[in-house]
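Asks: Take the given structure of chain A and dock chains B, C, D, E and F to it, following the hints.
One line per chain: the protein sequences are A, B, C, D, E and F, in this order. Each residue of the first sequence is one higher than the last, beginning at 19 in this note's numbering. Each residue of the second sequence is one higher than the last, beginning at 19 in this note's numbering. Each residue of the third sequence is one higher than the last, beginning at 19 in this note's numbering. Each residue of the fourth sequence is one higher than the last, beginning at 19 in this note's numbering. Each residue of the fifth sequence is one higher than the last, beginning at 19 in this note's numbering. Each residue of the sixth sequence is one higher than the last, beginning at 19 in this note's numbering.
Incorrect hints may have been included.
Stated by the list, open to error - Which residues of chain D face chain E? A partial, calculated answer using Cβ under 7 Å: (1) Cys116; (2) Thr123; (3) Leu210.
Claimed, not checked - Between beta-carbon pairs, the in silico distance windows are: (4) B:Glu38 to F:Gln175: 23 to 31 Å; (5) D:Glu178 to E:Thr29: 48 to 56 Å; (6) D:Gly182 to C:Gly234: 32 to 40 Å; (7) D:Gly182 to F:Gly182: 17 to 25 Å; (8) D:Val34 to B:Glu132: 55 to 63 Å; (9) D:Val34 to C:Asp185: 56 to 64 Å; (10) D:Arg209 to E:Thr29: 45 to 53 Å; (11) E:Arg209 to C:Val163: 22 to 30 Å; (12) D:Pro248 to B:Glu178: 34 to 42 Å; (13) D:Pro248 to C:Asp170: 30 to 38 Å; (14) C:His46 to D:Thr29: 37 to 45 Å; (15) A:Arg48 to B:Glu38: 51 to 59 Å; (16) D:Gly35 to F:Gly182: 47 to 55 Å.
Treat the hints as calculated values from the structure; they're not laboratory data. Quick caveat, the model's predicted, so the values are computed rather than measured. Beta carbons: idealized from backbone N, C-alpha and C, even for Gly.
Number of protein chains: 6
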Amino acid sequence: MNILIIDPTTTLDEDVGYYETLASPGTHVRIEGLCRGPGEVANFCDVAHAAPEIVHLVSTIGRDADAILINCFGDPALDAAREASCVPVVGPGETSMCVALQLGTRFSVVAVPEGNTEGWVRMQARRLGIEAKLASAIGLDLSAVQVAQAADEVVEQIAEVIEGTIDRDGADVIVLGCTAMARVIAKLRQRLKTDVPIIEPSGTAFKMAEMLGCLGLRHMHGRFYLPFDPENITGYPSCEGGGAPTDLTE
Amino acid sequence: MNILIIDPTTTLDEDVGYYETLASPGTHVRIEGLCRGPGEVANFCDVAHAAPEIVHLVSTIGRDADAILINCFGDPALDAAREASCVPVVGPGETSMCVALQLGTRFSVVAVPEGNTEGWVRMQARRLGIEAKLASAIGLDLSAVQVAQAADEVVEQIAEVIEGTIDRDGADVIVLGCTAMARVIAKLRQRLKTDVPIIEPSGTAFKMAEMLGCLGLRHMHGRFYLPFDPENITGYPSCEGGGAPTDLTE
Amino acid sequence: MNILIIDPTTTLDEDVGYYETLASPGTHVRIEGLCRGPGEVANFCDVAHAAPEIVHLVSTIGRDADAILINCFGDPALDAAREASCVPVVGPGETSMCVALQLGTRFSVVAVPEGNTEGWVRMQARRLGIEAKLASAIGLDLSAVQVAQAADEVVEQIAEVIEGTIDRDGADVIVLGCTAMARVIAKLRQRLKTDVPIIEPSGTAFKMAEMLGCLGLRHMHGRFYLPFDPENITGYPSCEGGGAPTDLTE
Amino acid sequence: MNILIIDPTTTLDEDVGYYETLASPGTHVRIEGLCRGPGEVANFCDVAHAAPEIVHLVSTIGRDADAILINCFGDPALDAAREASCVPVVGPGETSMCVALQLGTRFSVVAVPEGNTEGWVRMQARRLGIEAKLASAIGLDLSAVQVAQAADEVVEQIAEVIEGTIDRDGADVIVLGCTAMARVIAKLRQRLKTDVPIIEPSGTAFKMAEMLGCLGLRHMHGRFYLPFDPENITGYPSCEGGGAPTDLTE
Amino acid sequence: MNILIIDPTTTLDEDVGYYETLASPGTHVRIEGLCRGPGEVANFCDVAHAAPEIVHLVSTIGRDADAILINCFGDPALDAAREASCVPVVGPGETSMCVALQLGTRFSVVAVPEGNTEGWVRMQARRLGIEAKLASAIGLDLSAVQVAQAADEVVEQIAEVIEGTIDRDGADVIVLGCTAMARVIAKLRQRLKTDVPIIEPSGTAFKMAEMLGCLGLRHMHGRFYLPFDPENITGYPSCEGGGAPTDLTE
Amino acid sequence: MNILIIDPTTTLDEDVGYYETLASPGTHVRIEGLCRGPGEVANFCDVAHAAPEIVHLVSTIGRDADAILINCFGDPALDAAREASCVPVVGPGETSMCVALQLGTRFSVVAVPEGNTEGWVRMQARRLGIEAKLASAIGLDLSAVQVAQAADEVVEQIAEVIEGTIDRDGADVIVLGCTAMARVIAKLRQRLKTDVPIIEPSGTAFKMAEMLGCLGLRHMHGRFYLPFDPENITGYPSCEGGGAPTDLTE
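Looking at chain A on its own, in the form it has when it is part of the complex (with noise of 0.2 Å):
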């Protein structure tokens, strides 16, 4: 089985090592970023300018893939992507909430950066129809790249975020609101004194698009997703290779 990974940045530094300690025997990973688009997705004018790169690898080295992951918590393009694939596509974001409904009553989310996380998961749980179910979404006043670098202090202090939402909203579920969490994970596990479950949201979307390739599920087209018209649209040239950062504006 062939998972394609989409970064949805320009700027991608990650490698497969993550998701082969996850794989099952036999499949295999690739990661592509973006041509153009944004540099990191932070807000709903990033996700703008990384729509249409996503779509263009999706439609073109997608084609080989029998899975696909967008690999960013706010789930950038995820319904253009799925219009545009003859595979299944998910999202970290979307793909955690749904295995927290399994795994208790009611989940709480712990992201960054501070601003806009609130808002930002209560829309994607609302558009699941679960927003019921959301305890909290607490922002971090703290970088996905200080997440990145798991010093002690900052897994301290996500880890006394999660005891509050636990007694404080009723939450008995944790999603992790940041790929870039990760990092964090393990340590965080051991730091905490409770058992609640940790989402991790790229292993887990990972995992779910090998559970949804293996079982032969993808969207129906034809209903709410439509199949993508190419010929459309206009003064989008293809990049070259795949994602090969053939620039527009050269």
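Replies: Below, chains B, C, D, E and F without anything else, positioned relative to chain A:
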């Protein structure tokens, strides 16, 4: 007051006439189309390719407007446009549904095309948190072009669907879910045997844009909407002249 | 266009000045109070005693109007007024919440008095089907008279409550839940350190009345709203002269 | 125990017989009509004109009761009556729906007339927060008078509607949405081929009034319900003698 | 009328006294415990072990009753008991919440123990479709035994929690979420400085059982509830004598 | 990895073959039935009699598993099993619905039997908080045995029901609501003229069990789920040998 209407397609053929009949004295209207993107907005992939250019227009010529209307019932890139704007931005789908809440107990949306109308409108209603107020969303087996030609048999077909949803689904407000419906609304009101309110989305959103501009109301930046940071984006050259057709493929 | 504003109390002391600053050219404003009913509208019993006279005004002098505004945030007798009217009738509470839906993800209502604000506003939001969008409803320990005097410390108190609900409850839109707040809104916007949109209910409902009148939209009769049948009522003599103080006790 | 039943019309023609067959030993029943207001309660304007007199009855002769029933399925002035009362006040619509919750998964309301039943009942269910439990609300094309006469063909018509909603809408509880239905319930239960529970609203609300009186439960004043302040009201002279026909027009 | 009260534990120590003070003249009360199952009902595993014996009691000695009460706030095996019964079966949790809907806008449940109260009560409210009406569910750090002893400091602790939830969570109805609370309710009402209604679950459910029996209302078989088929079950020998302690381990 | 599949009946006749075709390399599968309980799980009374033995199996042989699947779409005793387990426990109903959320906008469940499917599935969806995403739940007039035989006319009947619910109810995902449907899914996919995703519950739950085991995710104890305390239970002798038929009646 200056209202900027963005037609989110590359095939703009509308003029300001309809809006000028609705405008308050002193309101000026400008309509702009996209220099790159979809020929029509029918699915999520079309939205994906309209989004960057909508953000560009909002953040350039939008600076001279007092309010902005993105003139497609599907509300493409509405959230991104709000991030890029310092004036209020409205969408016909969202505005029509919010006005419908004030005019009755449950509303039905009658739109084209048949395929994805129900799912798309339901998603828009859920995003606003008002899915329980949506009595039904019915996609007609007509093209937008057929609607715009407003032949008598088309008016008759729409009228019968409206009378059916009032009887069967308990709707007491009708929302026309396509901006082309502005061409049929006069005939439609004449034909219908009921006094049900029928909301024409483009005109309604235009008046809402005027109203928000008059009241000095616009979206907050810093919580759900963060500011647009053009420095974070690479690969999207500006369209010169505010929407002039400087195609990227050239 | 003629807008009739009904003050649902027997103690009218407002003039048309505020509305004329907001009115489009060509809009005429008339304000009428009740000849019998409550001195102020603070609870359900006050609403009960305002309702017959509101219906009377709507069905008499309301016939000369193009749209009617019942000017109390609690929206007293709104449904009955719509039955008795053949033009659109709006209420500041309902309109403000519907406009708030378009300006952010969740709104808070800041009102007076402390006692029943939360329950009442929640009931209004539930009636519209948007309770999940209500971040909080906070009743201040102030009288409407104190608010109307707009002393600096009152503005300061309201401002702090607003900043608190943005931080704590995730609100990104504020609705002022009292028509007396029109007196403090200018000072309040000046004082606040955030660009959060603040909806002043009377002015917003006034503009909505104009907009619905312009668009020719009014409530349907025959489904939720039936026509008013004065023959069915006994024991309520008409107030002569359209709201003149012909008290029943005389 | 003393139960006061208020018939919210000026055309009372019911006696205490039906309630005495249901009453526990020691319960006394009194029925009073209105001295001013509507001949029947069919729409919001009728409610508006019944409300002041309901408040008056509750706050005068209601002081001798242990519990009060406002005997109309539409629950007119229920909130105002609770403010004016120091004993529990129940309404047949609200009570029937709350009992229905305990008897199955989803309930249908079968009522007269055809026009506004669906919208009105849905509003009542939404007010209680249980709209999702309402399978359907069906208005029959019959008058309350026809229902009260209980002819065989009327019983047959109601029975067929009930069987239809069980099959089609998934209802497993039926609420009769009109107090006149007390006249047909015995025949109806005999006719139906199913053991579906059928809730007759007047009798059910009467027993709930007894139960709340027995348990010492009544509404709180100070949060949602404030105390009734007669000093705030002008223009409504008392009806002498507790409901006697001292018409205001004299 | 005969009411059967099932104590879903093997450690019954309650007599009929409390219920006889609430019973209408002519009502007879019988209480039975389980011959196998849990010593107390504190979690889902306890419910699992109480369920077969509850079904057995309902389908044997329950045949002589006019209504049945399963006397635990957690409502163990309520659905199965209804399938096995041809008379109405009520549970204190479900009944208390349905009565609470009629007594205010939002209710809080105050219960023991601290651990799983919030999650359990929320699940019960969601099952009824009324989660949005639950202001809060607070588990006290007390045992049921401590509650039953009703010491002054326990009453004080409960009273303070109640006053807190009214102020903080907007509750205007309180539900005591433990049948042992019947021992403290008199002292509690005396102590509280507010007139908030406090629902004692056992007595309330007892009166509801009487009411449903009087009205001839019971659950439908064939849709949600199918008939109990003992032939389908193997391995569960009957307890002889209707709940007598014929332990399976003998 | 070891997956334990519990068949919650006393009539197990399934082998591990189907699961081994889906299993990742290195996954071992064990299936166990009950030594006491129902012959089939068709109603709540059947669940009541399966529950104690499910808890017993989970807390004995379940200790050697990495994840546990209770293999019935009705999810019997799922909460109790989670309390008794220190590894993840999944149910096909719950898992299928959570996966369906990721594959479209609304799902329909097609199941047997006709009687209680709609109510039961709706209850499961409400428990998860996703009732609004359930387009319909349709019970076929077929037995599970008929489904398992997979005759062509049975496949045709199911296919027509699926096509009907897509057209009529707006479903874009189908969940088969019966584990016997695993026998028809291949024929069904071949027959259908649409690319709608069809979720087979047993296989999907099996893969979810593997996935949760791989990710180290299991339910928290101490909030909603408390630990199982066997000391609290009397009258349930252990089945020797982990599910061997030591019948209590002997």
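Asks: Compare the structure with each hint and give your call.
Replies: A quick look at each hint next to the structure:
no.	hint	in the structure
1	Cys116	5 Å, holds
2	Thr123	5 Å, holds
3	Leu210	11 Å, violated
4	B:Glu38 to F:Gln175: 23 to 31 Å	59 Å, violated
5	D:Glu178 to E:Thr29: 48 to 56 Å	52 Å, holds
6	D:Gly182 to C:Gly234: 32 to 40 Å	39 Å, holds
7	D:Gly182 to F:Gly182: 17 to 25 Å	19 Å, holds
8	D:Val34 to B:Glu132: 55 to 63 Å	59 Å, holds
9	D:Val34 to C:Asp185: 56 to 64 Å	58 Å, holds
10	D:Arg209 to E:Thr29: 45 to 53 Å	48 Å, holds
11	E:Arg209 to C:Val163: 22 to 30 Å	36 Å, violated
12	D:Pro248 to B:Glu178: 34 to 42 Å	54 Å, violated
13	D:Pro248 to C:Asp170: 30 to 38 Å	37 Å, holds
14	C:His46 to D:Thr29: 37 to 45 Å	42 Å, holds
15	A:Arg48 to B:Glu38: 51 to 59 Å	54 Å, holds
16	D:Gly35 to F:Gly182: 47 to 55 Å	51 Å, holds
The structure fails hints 3, 4, 11, 12 (numbered hints given earlier, in ascending order).
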